Amino acid sequence: MSAMALTSASLFGLCGAALVGIGLFCIVSHPDLLRRIIGFNILGAGIFLVFGAVARRGAAMELGGDPVPQAMVITGIVVAFAATALAIALLRRLASLTGSATFEAPAAPPRSEP
Amino acid sequence: MSLFWSISLLFDIALVAGLIALALHVVVTRDGRGAILAFIAFGLLLGIGWARLASVDVALTEAAIGGGLTGMLLLRAHAHLARHAAPPPPVAPEPRRWLVPAIACGLVTLALTAVVLAFPQPAPSLAHQAVASLETTGLGNPVTAVLLAYRAIDTLLEKIVLILALVGVWSLSRDAAWGGASQLQPAVVPEPLVFLARVLPPFGVLIAVYEVWVGADLPGGTFQAGTILAAMALLVMLAGLRPAPPTQARALRVMLAGGPALFVLVGFLGVAVAQGFLSYPEAIAKPLIVGIEAALTLSIAGTLALLVAGPPDRAPEP
Amino acid sequence: MTPTYAATSGGLLLVLAVMLPAAAALAMLVLGPRHTRRVALIALALGLVVALATGLQLVRSGTALIYVIGNWQPPLGIALRADGLSVMMLAVTAVVMAATGLFARELFGLDLATSDGRLATSFWILLMGLWSGLNLVFVSQDLFNLYVALELLTFAAVPLVCLDGRGETMAAALRYLMFALLGSMFYLLGAGLLYGAYGTLDIRLIASAGQHGPAMAIALALMIPGLLAKAALFPLHLWLPPAHAGAPAAASAVLSALVIKAPVFLILRLVVDIAPPGAAAVAGQVLAVLGAASILFCSVMALRQERLKLMIAYSTVAQIGYLFIVFPLAGVGDGTAPWGTIAWTGGALQLTSHALAKAAMFMAAGIVAEAIGHDRIRDLGGFGRVLPLTATTFGLAGLSLMGIPPSGGFIAKCLLLTAAAIGGHLWLALTILAGGLLAGGYVFRVMDRALATPAQPLLLRKPIPLRLELIPLVLAVLAVGLGFLPLAPFGLLQIGRPDIALVSP
Amino acid sequence: MGLADAFTLVCAVAGAILFLAGTLGLLRFPDTLSRLHALSKADSLGLGLIVLGLLPQQASLMGGVKLICIWLLAQLSAATASQLIAGIAARRKPQA
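Residue numbers (my numbering), protein chains in the order written: chain A, 169 to 282; chain B, 1262 to 1579; chain C, 4 to 508; chain D, 37 to 132.
Calculated from the structure, these hints are not laboratory results.
On a predicted model such as this, the values are computed, not experimentally measured, just so you know.
The C-beta atom is built at its ideal place from N, Cα and C for all residues, glycine as well.
Hints may be right or wrong, so weigh each one.
To be verified - Some, not all, of what chain D presents toward chain B, calculated at C-beta under 10 Å: (1) GLN93; (2) LEU97; (3) ILE104; (4) TRP107; (5) LEU109; (6) LEU112; (7) SER113; (8) ALA115; (9) THR116; (10) ALA117; (11) GLN119; (12) LEU120; (13) GLY123.
All chains, please: the whole structure from these sequences, using the hints.
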């Protein structure tokens, strides 16, 4: 059983590594900001899966995994959701104000007068 | 045994392949809405992945938040952008644009792969210590013990993070609408949605209460319950059965701040009657923790629902 | 089994430093806009007392303060620890926060109609969130707890940037959020790898582990660039100028003076406290090169800005660069104790004096924009005649940034220059000198306008109360006053270093 | 392998095949309504069979009740979702 748990943990760890790469690529290369926000969520999922692999490897005492990284992932998922919500609120407001949902549009330099 | 082995390994491989394929689809597809739908499917699949990793607590959280609430946020944002923003200019897929980032990201993945495969054997684990200390907390679920006892300060401050995010989202409203309510109800509410919003919430509340209650000893707990309650609240507001509450309402604010405030109070109570900040007296540790969880559940539910609802856009009534 | 950490007396002060602002933020939410300002000012006063008490306790005991939360020993639980450097950061934070609070009270008080409106109320709650996060960064010993601290900072800092609700600041805030999130995620990923390798996230326990595998190197290679994105070191600085220049003046002051110091502090802890010597030396070299590039490139950029706030923001990136050239100068990674070197003292002094001077400068720029209605440097001719105190503030803060005697910045840069000369780092010495000259260039450009005689006299849009001008002036005087301070108090920096537990496990 | 296990196996396999058929329908059928039809039919029946098959495996009565609750809730949400999608499809049709 433990050898199986180990194989499965490594498999999901590798999946996490791949998702990190995919999410990162989406963030740095996609012009659409909404898509970049999804990219952040994929990157986050990959990171959490690495934690999950670490937790699964630490299975002991009749527990399916080390509870400490599992708890960290729960905290992390909630924080990632809050980040997504804030980013989307900003993006929606940006679109309402400027009619553009990208950074690529020629943005006027910020002025300080109100 | 070996048959069972290879079947479950095959299942895991298929799951991982599905996850990676969906993620790739999100990146390459030109259809914005298709990308969001793929991401929602990704979240649900990921929930199964967590169950395969024997982390049922995480699986519940991921399925509820990653697939559910995030998906709703993204879909609403997509609809808003389609109305208010020019579609992003199509980018010519020149290799120059994506080759360098792709190579860099590939290197990150390779480095991670190397580390994941080289983790020490036997793996270090705090499972023993977490279980050994469970008795002092009166809990049976070690994940809940980590969240509310051993590393309680992480959980407490993460609640503050949620509140800050909400204050930040509210601060994005127009000056005139600040303190008002957000508009969730669409112009035409389909009849089946109203039906669902009438039938489902009682069950949702029941399930949430159950989750908090068993969370002390079994998988489940305040995050999962809070997310379910948030979903019920959103359903009711979407169907127009109840309007979204104005954000300046005192009762709402007390509910939002109540969970973390109680947490802080109990924390400092520990300085007086137990072994320091966020330490619980052993005799009443479990009731204290369940009480904090109950208050936190309400706060989380309110915060998550309002985060999805977004900045207020109707002026408050004087 | 001996516990990893033994709590010291006064350790509870560290909990208070973190929880007091957090509790204040909750109280503000419940009590509503009308009481927000009062709660903030009470919290600021109490927080100042806590910082002072922490300092006194540290000096009296001569050892680092330690608190074990909930009495759960690491690795299962989380410990807080404050050595001399942490306590200095807590104190600087408290001073700048208090000054910002007073400044914001006066600034928002100028217009009674909006003093309990969206902007002001959100500002106060977010400010408390920032303070809680900053204090946690300076005292936590647990890498995941530090991640939560970083997120507190992100979620409080980003909305501050776009409080004025214009499209450009929305874009700046969104860009800031993306850089900050990317930074946090890299940091979190590194922390996950470290947990997989060591089974703990406690800094002391990781540092005392005997052997380091590939996980340590890769984790550092992820965490440090992640933090650099948050610290806005060249070439990851692109988000900072529009964000810091777009925020309301009181918010820019805290963002520039304090918030970007938090990731710098964490990098320092990773490199000095966790990294094995070989990796620390390599990291130190790379960071120094980037720091030097930051100083030169962003000073030139600051010279070319047309707007006052953008100029100050570029100057922030340049001044942050000095903190990174400390690594090789203090001999990080060559087996000696870096905290005994003059470069270490110089770095700490640079950090303090920049925090005070930059906060003063952003506040002064805020007053100029408020009084005159714009901050285009070209059209500010003669503002020194109408706002003499503010022009003085700008000049004094500028002295410290340039490193002209007598000022805190002078002593800091002098110590760094000496260290560079002794250590034979010629290129770093030249960078420090060039950076000082360039800083002189951009400060004089503004002072020249301040003292110029305009064709038509500048008109004030609204009267500026004296108290509003005095607050940044006090900060600027403090920044200069650091130059008169005997260096003895900086012996404080050595308290709690090295971490004794590491030497004899 | 006891009788209960055999029952479970047969039901679960049948349920899985129905899911597969539903998915094929989703991919291959030409228009929204017939896709929806295939999907909801196959899924509710498939899930029902799987739940039925898992019932004998439950150690306690409570576990069985929970399984049935899951099936009922899934029915409810699937029915609502199908109606909503059908409604949207019906509204779009005249324009197309």
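Hints, verified against the model:
| no. | hint | result |
| --- | --- | --- |
| 1 | GLN93 | violated, 16 Å |
| 2 | LEU97 | violated, 16 Å |
| 3 | ILE104 | violated, 13 Å |
| 4 | TRP107 | violated, 13 Å |
| 5 | LEU109 | holds, 7 Å |
| 6 | LEU112 | holds, 7 Å |
| 7 | SER113 | holds, 7 Å |
| 8 | ALA115 | holds, 8 Å |
| 9 | THR116 | holds, 4 Å |
| 10 | ALA117 | holds, 8 Å |
| 11 | GLN119 | holds, 4 Å |
| 12 | LEU120 | holds, 6 Å |
| 13 | GLY123 | holds, 5 Å |
In terms of the numbered hints stated before, the structure departs from hints 1, 2, 3 and 4, listed from lowest to highest.
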